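The opening residue of the sequence shown carries number 940 in the numbering used here; numbering runs sequentially from there.
Calculated directly from the structure, the hints in this document are not laboratory data. None of the values given here were measured: they were computed from a predicted structure. Treat the hints with care, since some could be wrong.
Unchecked claim - Straight-line distance between alpha carbons at most 25 Å, and here's what the computed BS3-like set of lysine-lysine pairs gives:
| id | residue 1 | residue 2 |
| --- | --- | --- |
| 1 | 1010 | 963 |
| 2 | 1000 | 963 |
| 3 | 1000 | 1010 |
| 4 | 1066 | 963 |
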Amino acid sequence: MDNWSALFDGQTRYGLDINDSTVKADVLRFRGREALSEPFNWDIEFTSLEAHIPPEQVLMKYASFRMRSGKNVHGMVTRLEWLSTSRDQSHYRLTLSSRLTLLGYTRQCAVYQNQSVPEVVEQVLRKHGLEGPDFEFRLERTYPARELITQWQETDLQFIQRILSEVGIYWRTMMDDVRGLDTYILADSQLNYQFDVQLPYSEPSGLFDGAAESVWDVRTWHNIATGTVATRNYNYRTATTPIPSQIADKLRGQKFNSFDDFRETIWNEIGRHPELTKDFTTVNKDRIEDGLAPWVPKEGQYIGPNAIVKKFAIHHVVPIKDGGGVYDMDNLRIVTPKLHDEIHYRR
940 MDNWSALFDG QTRYGLDIND STVKADVLRF RGREALSEPF NWDIEFTSLE AHIPPEQVLM
1000 KYASFRMRSG KNVHGMVTRL EWLSTSRDQS HYRLTLSSRL TLLGYTRQCA VYQNQSVPEV
1060 VEQVLRKHGL EGPDFEFRLE RTYPARELIT QWQETDLQFI QRILSEVGIY WRTMMDDVRG
1120 LDTYILADSQ LNYQFDVQLP YSEPSGLFDG AAESVWDVRT WHNIATGTVA TRNYNYRTAT
1180 TPIPSQIADK LRGQKFNSFD DFRETIWNEI GRHPELTKDF TTVNKDRIED GLAPWVPKEG
1240 QYIGPNAIVK KFAIHHVVPI KDGGGVYDMD NLRIVTPKLH DEIHYRR
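Please take these sequences and the hints and turn them into a complete structure.
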């Protein structure tokens, strides 16, 4: 231990080490924000004997912020700010950020074909230099390949946040103290939560707190929230065809080895939503409840003025390439009754 470290160790409970830099930082105060599915940021104020720290000595360098409580934060310096200079020392502030913060500086348009959401996210992360030990998928569900995933004028960070949230995958940050790097766990279930974490509640009193982490303040509030969400999606081959998202979202991820089982499940589910079946005839409502597709008559066949289906008709499902005769929601094709009739009888 050098003289600086010995002096430093005796004066403060916090240490800031910047890799490949000559800067010696004495931490004054700090504020950090950490959240699920967001890059963390820690603003750290420090003093240094150097009156003019060159930005290249700090920016884009890995750094570790260490606390005697045992918590360590490893990240990359993304901002350096000079605050003041006295006769003895200079006052600075830097921002220690997650490596994923850098994804917010790359904006592009891209198309990914025949890949699942986890595969696309992994491709984006590796493009930014993250390797196998840097992130891990802990997924309980399976995610089928999508024919098309589009990134349009989004940063890479916005893009992966969007597509992960669509399928219910979150990430949390872990610290690798051996390598001095931040790593990421991507998960989709409560099995990967951290349970039984406890912190004491202790309001500031001006007395010595024993250097223990504690909660100082608690607030509660209540807001109104959206009760249900219904969106419209479409198959790019039949762009005007609406797909009921409440059906697709509920059945997405389930796989069926028989088209008959798949068809029965989809129509049973549609039959449970009155807003989707209100324009069907009584005959077709009965068919849907039995798991059968609403019937579309052949051209010229008269069965009554109200017999034509007004909403959705299921046609064919494209098998997943590597799955054989497996069907899932992302390969489902729902067409209008008119197009359904044309496909069957006018080919």
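Kindly indicate which numbered hints from before are broken by the structure, ordering the numbers from low to high. 4
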